[in-house]
Amino acid sequence: MKPGNNEQKGVDAEVVALIAQHQSRLRGLLRCMIAGHADVDDLLQEVNVVICQKADTFEIGTDFWAWASQIARYKVMERGRTFARSRLVFDDSFLDELAEVATQRASGFDEQRDALRRCLQNLPPAQRALIEMRYASERTIGSIASEMDRPAGSIRQTLYRIRGLLIQCIQNRLGDLA
Amino acid sequence: MKSESDREFAKLLDLAVNGQIDHVGLARAEQLMQEDRQRMECWVDHFRLDSMLSDEMDRRSIVDLVDLVAASNEADSPETGTLAAWLASHLSGRTMPWIAATALAAVLLLMLAPRFWTPSNSVVSQLPHRTDSSGAIAMLVQSTADRWKGRTQSPAMLSPGRLQLESGLAEIEIYNGVTMYLEGPVDLDLISLDRVHLHHGKIRAVVPEQALGFTVTTESVQLVDRGTEFAISAEYQGLSKVHVFDGLVDLYPIDQPDVDDDKPGHPVHQGQSVEVGPAFATRETELDPDEFPSASAIDRSVEQRRQRWVQWSQQFAKRSDLVLYFTFENPRDHKPHRQRVDNLASPPQEPSQGTIVGGESMAGRWPGKNAIGFYHSADRVRVRVPGDFPQLTLACWARVDELRGANQALLLTDTFEPWQPHWQIAREGVLKLGIGQPTPQEARAMRSPSQPLNSVTPIGRWMHLATVYDSETKSVQHYINGDHAGSNQLPSAKPLRIGTAEIGNWLKPRTEGGEPVRNLDGRIDEFMLLRSALDAKAIREMYEAGR
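Chains A and B, in that order, give the protein sequences. Here my numbering is used: position 106 in the first sequence is 106, and no number is missing along the way. Here my numbering is used: position 329 in the second sequence is 329, and no number is missing along the way.
No lab work stands behind these hints, which were simulated from the structure alone. Predicted model, so just to flag it, every value in this text is computed and none were measured. Keep in mind that the hints are not guaranteed to be accurate.
[What the hints assert, rightly or not] Now the stretches of chain B that chain A is said to cover, found in silico as 3 or more residues with beta-carbon under 8 Å: (1) 27-36; (2) 155-168.
[Unchecked claim] Simulated DEER-style distance windows between Cβ atoms: (3) Asn122(A) x Gln315(B): 48 to 54 Å; (4) Ser93(A) x Ala443(B): 37 to 43 Å; (5) Asn122(A) x Ala536(B): 33 to 39 Å.
[Unchecked claim] Chain B residues, not near chain A, derived (Cβ > 12 Å throughout): (6) Asp14; (7) Glu41; (8) Gln304; (9) Pro440.
A virtual CB, placed ideally from N, CA and C, is assigned to each residue, including glycine.
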């Protein structure tokens, strides 16, 4: 049997693994740029394809996230040009700035994810339950609201506040580590 | 204080995250972000968190799966060379059904799919799961010195099919309650719950009442049990021999179809022996019951193994490089909560006894060998190990009953400070040595995984695990059941230090929370820590002495 030596990976497989590892943050990046568009998943797949096609230009060991997020940026801008100006797209120059901020803030993603896990554990049960309804069961706000017999606006506000708390918690945890 | 425009921005952001913003809102959001860069950060943070939550809450730990794929040494295969191209073509053609809820899951499915096609590269086989018992009709209860044709390890669960024991003894329990004793060489087909075909060799079967009608065929005879204990052998040239220890069996010619209770065969009663020739020529004979495998023969053989290990163990305890050595024998007046366990390393390190907390005393590798179970979240053995270790060998005999998707402790230092080792069965089902580092990134680079455990040995069986750290060569070697099962080069290496630590659990989650408890879902009946780096030969010897 072959030993599990970490140094013996095929380059392409490594890129594929990197793509997979970066799905969550790529999606976050795309979503913040094309806010309001429902077709983020399609766009994400297109980005994945381009990453695969250009995989041979990526140097293993260099910053994959910086490289991949650049591709995602181009893809969003490319799409933006096919839309009429009135569609849901930010300005090109603004997009660039936004993408820069988003790329930079997702650079410590793995740590952020670890921190998020701990923060989720520490959420009060009611908040945790609400987050689970929204994200684990993929329920719409409307359906959560009708089940809990509360106005949708109040559910939405609560979720927004919990997300804010989680972001704060992640930042605190990462700050503590530093 | 929040300004009016902050509140307006929050509302727009919330609409956007929920996919409900319109182009007027979006333009306004852009304007608000341009006014204040903090809002832009807030915007990207909310979207990123939203994506993280979607992935995180999906229950399937997809990211861990990815880690697993990435860590797989099999990524070197030629198949994966074309993987990216394959992925690209399928993604762009969108011909695949998107059966998974998230895009990430879909991508993963695509990535993993090509590997399903090549048996040796199956990623699925690397995923944690219990011993695959689907379709099994019997289990190997006990065996000794057993060698099986076409297998490097003893089988655990047995599905219908050929079973060839080349040498040694084995006790098999069929799920209908029949116990079969085998002594190699024996060659048989497990056909179904109530039917076995014996090609060659000897078996003894104990058939309980609920399994009446259990049938063994050979080239020359069909034996139908009527509630008994019997032995049957298949020898050369179609000669079969039958001895009945207890009860009654009926013999039928091999070509007689549909034998059942209505058609009496040739009865063989308790104490009788019969030889059957090729044309169903039967003749009374005298057989020595001791010629057949039996429970007592297995028990004797197992006891001999235990004795051999006891002698080896006494010698081993004298090694000067031994720091910790627990065999968990003599569980004298085991108190329910607290008990000292003797460190057999000689001379013992100053205060290095272990304290068993919880941890029930249980059956070990052999009858008469004691083990400590760590099934409850409080179970642990506390140890304190002073000093620095440029080289370290950790080894134990453990029975892990389940890979449950959480880390399971073998030896975990209470803290995870730089150069403290965490030796555990990682949630992805591999033996792993982690080494504490100043930053999480550095610690990640120090993780050393082995091959997946269940690719080497069935989960739920006793196995020997060993990991060797050597700061001189900056390497970590893993061994499972005496075989080399992983090699990792480290970016840097220094002497390890342990301090206070636990076998079978981790203290930290109790104080900090937020992590699944890491108690070992299983038992340990021998544990050792040496201040030297044992080589492959020494690990092999250790395994051979204790198997």
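Hint check:
Look at the stretch 27-36 of chain B against chain A: 4 of its residues bring a Cβ nearer than 8 Å to a Cβ of that chain, three or more, so the hint holds. Counting residues of the stretch 155-168 of chain B whose beta carbon lies closer than 8 Å to any beta carbon of chain A gives 0, which falls below the threshold of three, so the coverage claim is violated. Separation of asparagine 122(A) from glutamine 315(B) is about 51 Å and conforms to the stated range, judged on CB atoms against 48 to 54 Å. As the Cβ distance of serine 93(A) to alanine 443(B) is approximately 40 Å, the hint placing it in 37 to 43 Å holds.
Between asparagine 122(A) and alanine 536(B) the beta carbon distance is about 45 Å. The supplied range of 33 to 39 Å is therefore violated. The non-interface label for aspartate 14(B) is inconsistent with chain A: the shortest C-beta to C-beta separation is roughly 5 Å, within 12 Å. Listed as outside the interface, glutamate 41(B) is inconsistent with that label: its C-beta sits roughly 6 Å from the nearest C-beta of chain A, within the 12 Å cut-off. Every Cβ of chain A is farther than 12 Å from the Cβ of glutamine 304(B); the closest lies at roughly 30 Å, confirming the non-interface assignment.
Not every CB of chain A is more than 12 Å from the CB of proline 440(B) (nearest about 6 Å), against its label as outside the interface.
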